[in-house]
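J.: Sequence:
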Amino acid sequence: MWKFKKIPDLGRVTTDDEGNVYVTSEETHTVVVVSEDGKRHRELLTESDGLNKPWGIYYDKKENSLLVCNDWDAYLFDVKQQ
Numbered sequence: 001m002w003k004f005k006k007i008p009d010l011g012r013v014t015t016d017d018e019g020n021v022y023v024t025s026e027e028t029h030t031v032v033v034v035s036e037d038g039k040r041h042r043e044l045l046t047e048s049d050g051l052n053k054p055w056g057i058y059y060d061k062k063e064n065s066l067l068v069c070n071d072w073d074a075y076l077f078d079v080k081q082q
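Heads up: the sequence shown begins at 1 in full-length UniProt numbering, then just goes up one per residue.
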């Protein structure tokens, strides 16, 4: 089994049509995107984007948008594929 150990406290996950995996981390207040093969990753969203302990995430494949839920807020982000 493959494990992603670079970010603590990984939470909810969602995927896009490219096979990328979007993961929340409540501890670091981030959303991390991991490539399909698991070889690349980056912080996509951080506390400066309004994240505060993100606990819910959903990728809308039709609109290429990412819904992220915090304790009291929800944010909708447009996602550009690279």
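Worth double-checking, as some hints may not be accurate.
[To be verified] Straight-line Cα separation of at most 20 Å, EDC-like style, residue types lysine to aspartate or glutamate; simulated pairs:
#1 K53 / D17
#2 K62 / E47
#3 K62 / E27
#4 K61 / D17
[As the list claims (entries may be wrong)] Pair ranges (Cβ atoms, derived):
#5 W72 / D17: 16 to 24 Å
#6 D78 / W55: 16 to 24 Å
#7 S65 / R40: 19 to 27 Å
It should be emphasised that the hints constitute simulated quantities derived from the structure, not laboratory data. C-beta: ideal position from N, C-alpha, C; glycine also.
J.: Hint by hint, say whether it matches the structure.
T.: Right, here's what the structure says about each hint:
1. K53 / D17: Cα-Cα ~26 Å, so violated.
2. K62 / E47: Between K62 and E47 the Cα gap is close to 26 Å, so the pair fails against 20 Å, i.e. violated.
3. K62 / E27: Violated, at roughly 30 Å.
4. K61 / D17: Distance of about 7 Å is within 20 Å: holds.
5. W72 / D17: 16 to 24 Å: The hinted range 16 to 24 Å is violated for W72 and D17, with Cβ atoms some 31 Å apart.
6. D78 / W55: 16 to 24 Å: 21 Å, holds
7. S65 / R40: 19 to 27 Å: Check passed, 22 Å falls within 19 to 27 Å.
In this structure, the earlier hints numbered 1, 2, 3 and 5 are contradicted, and the remaining ones agree with it.
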